[in-house]
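Undergrad: Given next are the chains, with one letter for each unit.
Protein chains: 2
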Amino acid sequence: MPLNLADTVGYAAAVLTTVAFFPQVLKSWRTRDLSGVSLTMYGLFTAGVALWLSYGVLLGTWPIIIANGVTLALASVVLILKMKHR
Amino acid sequence: MPLNLADTVGYAAAVLTTVAFFPQVLKSWRTRDLSGVSLTMYGLFTAGVALWLSYGVLLGTWPIIIANGVTLALASVVLILKMKHR
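For the record, the sequence lines run as chains A and B. Position 53 of the first sequence, counted from 1, bears residue number 336 in the working numbering, the numbering being contiguous throughout. Position 53 of the second sequence, counted from 1, bears residue number 336 in the working numbering, the numbering being contiguous throughout.
Derived from the structure by calculation, the hints contain no laboratory data. Quick reminder that beta carbons are idealized off the backbone N, C-alpha and C, glycines included.
Away from chain A, derived, C-beta distances all over 10 Å, residues of chain B:
1. P285
2. L286
3. W345
4. P346
5. I348
6. I349
7. G352
8. A356
9. S359
10. V360
11. I363
12. M366
13. K367
In silico DSS-like cross-links for lysine-lysine, where the CA-CA straight-line distance does not exceed 27 Å:
14. B:K365 to A:K365
15. A:K367 to B:K365
16. A:K365 to B:K367
Could you build all of it, start to finish, from the sequences and the hints given here?
TA: Written out as structure tokens, the structure reads:
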């Protein structure tokens, strides 16, 4: 199954916007410094990613399900840490 | 043009994950407190959103272009503030 340019760019985009949350989780977990992180942002973002996951499930599209499942887990950790360490 | 359930969930998801960055920009702009924000996260995330924007341009899909154009602008502000106020 050859990938065209748009597919390749889309997969690279999905990988970057998903793995981006790993360093934030590591930093927040290690330092417990969440002072500059917006609680409202993580509340809205986590809800939005949960909807993206639902969208993937409704369409049965695995790349959307996997990318948003991972992002949902990571963003939820930041949200919970922010709620504990305001 | 009636929207089906998946379309509706997808649009709601796009709106939430885009507007989520407004409160982060406002907080970072007002307080200049970026201490808990990961520079690596915003570097990777901004690059990823730029690729999502390119993906939308390649496909000619306006909802993807608009949502990621707005998110790119907002994430770039946080990235620049983080680089200035580490």
